[in-house]
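Between the sequences and the hints, there should be enough to build the whole structure, so can you do that?
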Amino acid sequence: MTWWRRLWRRKQMEEQLEKELHFHLEQHTADLVARGHDPAEARRQARLALGGEEHVKEECRDERGTRWLEDLAQDLRYSLRTLRHKPGFSAVALATLALGIGATTVMFTVINGVVLKPLSYPEPDRLVTVHGRTEKFGEQWGFSYPEFLDCQRESRSLGPIAAWTYSGATLSEPGPAEYVDGRQISSELFPVLGISLPQGRVFLPEEDRPGARPVIIISYGLWQRRFAASPGTIGQSIVFDGKPYTVVGIAPAGFHLDGDADVFTPLGQSTRPQMQNRGARFIHLLARLRPGMTLAEAQAELSLIARRHAEQYPELNAGRDLVVHPLRQELVGDVQSTLWLLLGAVSLVLLIACVNVASLLLARAVSRERELAMRVALGAGRGRLIRQCLTESAVLGLSGGMLGIVLAAFGIRPFVTFWPGSLPRAEGVQLDWHVLLFALAASLASGLLFGLAPALRAPTRELEQTLRAGARTLAGSSRRLHSGFVISEIALAVVLLVSAGMLGRMLLRLASLDPGVNIRNVLTTRVALSPDALANPAKIRAAWQEVLDRARHLPGVQSVALADIIPMRVGENSVSYWATPVPPPPNQEPVALASCVTPDYVKVMGIPLRQGRFFNEQDRIGHDLVVVIDDNLAEHAFGGSQAVGKRLWIPALGPGPVQVVGVVGHVRHWGLAGDDQSRVRDQVYYSFAQVPDPLLRFFSSVMSMAVRTNIPPLNVVEPLRMELRGAAGDQVLYDVHTMEQLVSDSLIRQRFLLLLFGIFAGLALTLACIGIYGVLAYLTSQRVPEFGVRMALGANARDVMRLVMRESLGIISLGVGVGSAGAWAAGRVLVRLVEGMQSSEPVTFAIMIPILVVAALFASFVPARRAARVDPVKALRQE
Amino acid sequence: MDLPQGTLDLLILKVVALGPVHGYAIAQRLQQVTRDVVQVPQGSLYPALHRLENRGLLAADWKETETGREAKFYRLTRKGRAQLDTETESWRQLAEAVGLILKMSEGAAE
Chain A
182 MTWWRRLWRR KQMEEQLEKE LHFHLEQHTA DLVARGHDPA EARRQARLAL GGEEHVKEEC
242 RDERGTRWLE DLAQDLRYSL RTLRHKPGFS AVALATLALG IGATTVMFTV INGVVLKPLS
302 YPEPDRLVTV HGRTEKFGEQ WGFSYPEFLD CQRESRSLGP IAAWTYSGAT LSEPGPAEYV
362 DGRQISSELF PVLGISLPQG RVFLPEEDRP GARPVIIISY GLWQRRFAAS PGTIGQSIVF
422 DGKPYTVVGI APAGFHLDGD ADVFTPLGQS TRPQMQNRGA RFIHLLARLR PGMTLAEAQA
482 ELSLIARRHA EQYPELNAGR DLVVHPLRQE LVGDVQSTLW LLLGAVSLVL LIACVNVASL
542 LLARAVSRER ELAMRVALGA GRGRLIRQCL TESAVLGLSG GMLGIVLAAF GIRPFVTFWP
602 GSLPRAEGVQ LDWHVLLFAL AASLASGLLF GLAPALRAPT RELEQTLRAG ARTLAGSSRR
662 LHSGFVISEI ALAVVLLVSA GMLGRMLLRL ASLDPGVNIR NVLTTRVALS PDALANPAKI
722 RAAWQEVLDR ARHLPGVQSV ALADIIPMRV GENSVSYWAT PVPPPPNQEP VALASCVTPD
782 YVKVMGIPLR QGRFFNEQDR IGHDLVVVID DNLAEHAFGG SQAVGKRLWI PALGPGPVQV
842 VGVVGHVRHW GLAGDDQSRV RDQVYYSFAQ VPDPLLRFFS SVMSMAVRTN IPPLNVVEPL
902 RMELRGAAGD QVLYDVHTME QLVSDSLIRQ RFLLLLFGIF AGLALTLACI GIYGVLAYLT
962 SQRVPEFGVR MALGANARDV MRLVMRESLG IISLGVGVGS AGAWAAGRVL VRLVEGMQSS
1022 EPVTFAIMIP ILVVAALFAS FVPARRAARV DPVKALRQE
Chain B
3 MDLPQGTLDL LILKVVALGP VHGYAIAQRL QQVTRDVVQV PQGSLYPALH RLENRGLLAA
63 DWKETETGRE AKFYRLTRKG RAQLDTETES WRQLAEAVGL ILKMSEGAAE
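Taken in sequence, the protein lines are chains A and B. The C-terminal residue of the first sequence carries number 1060 in this note's numbering, and the numbering is unbroken. The C-terminal residue of the second sequence carries number 112 in this note's numbering, and the numbering is unbroken.
Each statement offered as a hint is correct.
Straight-line Cα separation of at most 27 Å, DSS-like style, residue types lysine-lysine; simulated pairs: (1) A:Lys192 to B:Lys65; (2) A:Lys238 to B:Lys65; (3) A:Lys200 to B:Lys74; (4) A:Lys238 to B:Lys74; (5) B:Lys16 to A:Lys238; (6) A:Lys192 to B:Lys74; (7) A:Lys192 to A:Lys238; (8) A:Lys200 to A:Lys238; (9) B:Lys81 to B:Lys16; (10) B:Lys65 to B:Lys16; (11) A:Lys784 to A:Lys827; (12) A:Lys238 to B:Lys81; (13) A:Lys200 to B:Lys65; (14) B:Lys81 to B:Lys65; (15) B:Lys16 to A:Lys200.
Hints listed in this document are in silico derivations from the structure and should not be mistaken for laboratory results.
Structure follows, in structure tokens:
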């Protein structure tokens, strides 16, 4: 009979086995009777000779080879029955597990989608980015256009290298004027990524040159929005940045290049003045490894190229190496560490959940000891019992996991939505078979984890004693195990509580820092000038002046200024400087953050003026170049001495020296959290009116307006928009924020982490308290007879209560001890991964640990009081 | 005397080789043939029979006994006969080798 037929005909096999053994016994009895034995005695002897009938049957079943499956089915039925019979226990256990596994699954789903999944391009593992690296600044993504051309020409290991950079301007025809984000890309970009366009074609190499026919590729979204997805869009003319372009292609839906962009133009056609400047590094590189080449080979070759460039252009490239990375690493960026941190935290919660369920199961296992002993007496083997216990916990784990997956399925979207800023590759975050496999493994592992302790308690020896003893006798090993569970729960909760406490204190500290600007009632917005105004430098200056004048006269507006970079908003411009006529060696120059502003800037931002003056109307082209510096730069460049009147050399502003006319306070440009750690902490301001004519057009594309109001700043947005539309109605405001928003956004990741850690710590605290309550309630109820004896011998209620509380205090302090060590280690991880975090202070421990101790003592108070109310007579009778 | 490990299967195959026979008869036959020297625990007989059946060395049919009762009769399959032959041969060789060693004189061991 084949294996599966034996399985299917189980019932028949059972009947035959029964019949066969029956026949044996009857024959044997008949023989014995024939030999003159008394029939009853004969039957007894026949049975003895065969050995236990049930035992023989068990062994015969074992020989069938289908045994494990039958057992499994039996155990499953049995587990489901026990779960149904104890709805309270099952509900608590399932809810605990579902929460733990659900939260872990959500985190894993995000990590899977963002970090682990391959990019959605063909052969994604061969896509790389190239960065520059110097000793001083670490890695930087930027390349200048001439450098890009050199790399592209010289590299043999990388297939064509593609380049791209940010752009963006007003799209004015057809339809109403609108500011759109754009990217300037080299003609290789789409081919390197391996993407084909759903409509039209990619740029041709001859279009990627100065003076070529202006062509443009638009995003799928823009095509749908503005052109109603009409196939006739290809070949149509649109006006972007005041220039007519011909649409040649539509980018595929969902195509990103560091965020959404609506238009793509050929980089080689760009008329930016920096295009020819070898020192202006604003271009990202992207490439594909040539077939047969490895990352290491490409790296070796790029280092060679870097050395050659360093010799050729020592003043720009000395000490600058080139490094190559897989593209995925760049796209995911620093989100990765936050995600792993959260997965770690949520795993702790899952662990606590497991420990909780384990202690529940153990309590049940101890009270089931007699049942198990009975099973052994009836012929069950130890292995069989362990298997049964594990099946039960696996059923529990898997059911909990199933619920957890359902929870996760609902929880993922809100999580991604609440992620501060935009989560890279968020579109890949979804339940797939990787996630299901993970959830399954997590459920089974949890099941095994919490099922092991009760399973190993399966009785082996001293059956008689167990059977004879009352159900209330409790072995010492189980007490120790129970205490062990509570200790580990408390320890885990301490780790999470202290971590949450550290994050909370950090946030408080950061929020109380002075941003360096007066953030009340300030509105910032980018302005895209009317394309007509960009025709020549004189027109540009006039257009900006008009913007300032019109804005200043709006009701509610106090003062208005322009600036190329706004504190705590994306965007920066670092320049090197020195304070003596002899420049320091290349790449050793100090660096400062340079802002190009108009005279009212300090008034609008409320930056304190420490010495000298800020800019005035005289600081324009034709007059001496002047700068204003911040405290930090004054300290670094001139020590304690008077800075006003001193000279600075800043090559980015011009060959000659510039004069310092004033010193202002430092502004936390890099955000409240990030500023202390940033590499560039010196700041220098120069006057927008002194920007030379050739650079004016570029500056116009980056200038923002800052407005100080005496009414809520968001109320002036619409009047401002109307007032500044310009004669042709094609001048637009975009990227509108209040300074308060920008400051608060600069802490958003820390706040988000605190929120999640707070939730996790709260969960951990609750679970740990439930665990402590459950275990103590159980342990004390086991000791009721003992308390009865104690009280009969003269102990009073308070003594008994003290006894129980002392025991729980012992467990709690052990847990706190272990947990503090863990929390200290976790603190070090946090310091490394979270910007703005300082090493764990004793104060945090001193605040968070009492919370836990009080909660834990409260949880143990109820069982202790119950123990103290024991009626000695009843208790003794119970024994 | 207990049965050496692994010999129960061989003995069962040998008994069944003599003709279809039911479990109880096998137990009786083993008892008689070994003249009660070897204790065949009846409890391990049935698991062994089922094991041999599952391995295809034995086949079983339900038939009537002389007394008119239905019993499960085991018979040897072709595979079972081959197994019996090889096991008999290896047992014979083993016994011979063990015998030789035991007959060895003290001096010969040096």
